[in-house]
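Protein chains in written order, with the working numbering: chain A, 323 to 721; chain B, 70 to 339.
Everything labelled a hint here was simulated from the structure, so no lab data went into it.
For each residue, glycine too, the CB sits at the ideal point set by N, CA and C.
Incorrect hints may appear among the rest.
A short list of chain A residues far from chain B (calculated; beta carbon distances all over 12 Å) [unchecked claim]:
#1 334
#2 479
#3 494
#4 572
#5 696
Derived Cβ-Cβ restraints for the label pairs, each shown as a range [stated by the list, open to error]:
#6 B:284 - A:616: 31 to 39 Å
#7 A:506 - B:229: 18 to 26 Å
#8 A:588 - B:142: 23 to 31 Å
#9 A:714 - B:142: 31 to 39 Å
#10 A:477 - B:79: 55 to 63 Å
#11 B:271 - A:376: 26 to 34 Å
#12 A:365 - B:267: 43 to 51 Å
#13 A:368 - B:138: 30 to 38 Å
#14 A:648 - B:79: 19 to 27 Å
#15 B:161 - A:590: 53 to 61 Å
#16 A:477 - B:210: 30 to 38 Å
Quick look at which bits of chain B chain A covers, simulated, 3 or more residues with Cβ under 8 Å [unchecked claim]:
#17 104–116
#18 126–139
#19 294–305
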Amino acid sequence: MKVYDLPDKRGHFGPYGGVFVAETLIAALEELRSQYEHYRSDADFQAEFAYELKHYVGRPTPIYHAKRWSALLGGAQILLKREDLNHTGAHKINNTIGQALLAKRMGKPRVIAETGAGQHGVASATVAARYGMECVVYMGSEDVKRQATNVYRMKLLGATVVPVESGSRTLKDALNEAMRDWVTNVENTFYIIGTVAGPHPYPMMVRDFQAIIGREAKVQMQEEYGRQPDALIACVGGGSNAIGLFYPYIDDSTVRMIGVEAAGHGIESGQHAATLMTGRPGVLHGNRTYLIQDEDGQIIETHSISAGLDYPGVGPEHAWLKDSNRAEYVGITDTEALAAFHTLCRYEGIMPALESSHALAYAAKLAPTLDKDKLLLVNLSGRGDKDMATVAQASGITF
Amino acid sequence: MSRIATVFDRLRQQNRKALIPFITAGDPDPTMTVPLMHELVKAGADIIELGVPFSDPMADGPTIQRSSERALKHHVGLKDVLAMVAEFRKSDMSTPVVLMGYANPVEAMGYGKFAAKAKECGVDGVLTVDYPPEECAEWVEHLRQQELDAIFLLSPTTPQTRIEQVAEMAQGYVYYVSLKGVTGASHLDLSEVASKLSQLRSHISIPIGVGFGIRDGATAKAVAGLADAVVVGSRIIEEIEKSPRTEMLANVAYLVKGLRSAIDEVSGKH
């Protein structure tokens, strides 16, 4: 059997990925590529990364058997990979630690980041504080309004939050603005991208840093259950938590991999962020991948109750896993995700992020169709405290 | 000979430099674009760069992004832009038109269909900002089949090996981005431009245009002293943006005439 070895040297996953940027960014990406190539196999770098994940982030995160919820569903057993227990409450920090350590070695004292809901912004501000770096976070002005708590959190951590007023004033506009900053200040600045999208080497690098999730899971499953799960389930916006879990399993064809996209108000409503289910291949934000676009190739505004999934593109490796039929991609609506959110709170005493609630909701659909001895491993990618206001609003409650 | 080569040939004989203004198609609305193009030519433009609106113009600064947003309010897409060029061609058969935009709209239309349509409508060259040479062999092949020039960007940070690569693929002219940063940025380091251009010239035989950061007659003239062509974008968009509709053509013409005469002051000095 051929061992999975993508991407190629120039960052291609089949027809996807690559480097689709203006000439002005090429040198910066080339510097990043060659530096990362070096540190990727550097023992000191990897040792420091492992040390930080253990002592600062609190890894490994446990796999928890959601027994009461599984019993309620009456089918397969649901296991949760508890990324919500990481420092700062989500998987995002795995990647920001890795990139910050790289920035430090590359002698870049300033880091920038884009953020939608604010989770990646908080994770970037956190590591900037930890390593004594200047941090500027770009955030759509709509998101700044919607996520006031996270904005304040970033400021407490010493970051500067820049509201972006262009376009739809959301994540993709923040990403455009961060790219502009990077082009202008590349000499002293490292751009920390939060997901497995963007030009090479980002999709590969972010995957490598997040793959700790799947590597731990493989060991833990063997130790605790004597076997690997029957399926992996993770939500997909850009797709970093899903790739983190999936990647170490790609060559193990006995394990199904299911990515759950945000179906928003329903696929048929047109208001969703289900890129792989409904999109067409194209070029955006430095890579070729599936995109939610109109006939003219303009990017369409997406909708999801979960800001972290509200993105019109998706990581190129997911595009490839879809086309090669190695992974399946399904959709979960806002309503279904909210129901899963409430159920997990009530049955397991765990408040999941709305992003992760999409993965949980699909597990709740799948479990009853399977035998009780089947194991579904769901990536609980983040905790839901940040979403309390959104959930309350959806329930008609005002504080 | 292509229209672009013809223009540069004529200018070389006259010992003059090309003025290449940029406007976004559909800005401020679709009815203004063709009249603006004709006005640019009357005011002294040698080649027109026509921006194809895109929802996510990552390499552009806020000024050009706003022009794209104004055009998109009127749903101006790539096929509308091509129709505008066809309309322009009805009364101007000599001024080259170069489309400048991003990859996704041409991918949505399809390479073959785009190239055939562009040729039919009278487009002369295409600059796709986010197609670096490594990623666009097939694209360039489609353009070549229709005798459309593939125009590439070079930047202050482009290393030697890439200059050679671009030199092999580029046609018409190359566009040297004179600043690190995005369109509409300020200050321009002329001595840096001068030294980079001499490096480029040892590899590139086609004309070299310089853009980014050219805001007035003085900078236009200084750049004309170094390059074969002067590209002006954001400054013209600003004029469109701030002009009342009835004065827009006149204001843009006044600005471009000023740039033209500043550039022509360089004539004969080389």
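Here's how the hints hold up against the structure:
1. For residue 334 of chain A, the requirement that its beta carbon stay farther than 12 Å from each beta carbon of chain B is not met, with the minimum near 9 Å.
2. Residue placement check: residue 479 of chain A keeps its beta carbon more than 12 Å from all beta carbons of chain B (closest about 27 Å).
3. Residue-level check failed: residue 494 of chain A sits 6 Å from the nearest beta carbon of chain B, not beyond 12 Å.
4. Chain B leaves residue 572 of chain A outside its interface by the beta-carbon criterion, the shortest separation being 25 Å against a cut-off of 12 Å.
5. Its beta-carbon lying about 41 Å from the closest one in chain B, residue 696 of chain A satisfies the requirement of being farther than 12 Å from that chain.
6. One distance hint, 31 to 39 Å for the beta-carbon pair residue 284 of chain B and residue 616 of chain A, holds here, with the actual separation near 35 Å.
7. For residue 506 of chain A and residue 229 of chain B, the Cβ-Cβ distance of about 24 Å falls inside the hinted range of 18 to 26 Å, so the restraint holds.
8. A hinted range of 23 to 31 Å holds for the C-beta pair residue 588 of chain A and residue 142 of chain B, which are about 28 Å apart.
9. Checked against the hint of 31 to 39 Å, the C-beta distance between residue 714 of chain A and residue 142 of chain B comes to roughly 35 Å, which is consistent with it.
10. For the hinted restraint 55 to 63 Å between residue 477 of chain A and residue 79 of chain B, the CB-CB distance of approximately 59 Å keeps it satisfied.
11. For the pair residue 271 of chain B and residue 376 of chain A, the supplied restraint of 26 to 34 Å is violated, since their beta-carbon distance comes to about 54 Å.
12. Between residue 365 of chain A and residue 267 of chain B the beta carbon distance is about 45 Å. The supplied range of 43 to 51 Å therefore holds.
13. Under the hint 30 to 38 Å, the C-beta atoms of residue 368 of chain A and residue 138 of chain B, about 45 Å apart, miss the expected range.
14. The hinted window of 19 to 27 Å between residue 648 of chain A and residue 79 of chain B is violated, with their beta carbons roughly 58 Å apart.
15. Against the hinted window of 53 to 61 Å, the Cβ-Cβ separation of residue 161 of chain B and residue 590 of chain A comes to about 47 Å, which falls outside the hint.
16. For the pair residue 477 of chain A and residue 210 of chain B, the beta carbons lie near 51 Å from each other, so the given range of 30 to 38 Å is not met.
17. Coverage of a stretch by a chain is defined here by at least three residues with a beta carbon nearer than 8 Å to that chain's beta carbons; for the region 104–116 of chain B and chain A the count is 0, and the condition is violated.
18. Under a criterion of three residues with beta carbons nearer than 8 Å to beta carbons of chain A, the stated coverage of the region 126–139 of chain B is upheld, 8 such residues being counted.
19. Restraint check on the region 294–305 of chain B versus chain A: 0 residues with Cβ-Cβ distances below 8 Å, three needed, restraint violated.
In the structure shown, a violation is registered for the earlier hints numbered 1, 3, 11, 13, 14, 15, 16, 17 and 19, in ascending order.
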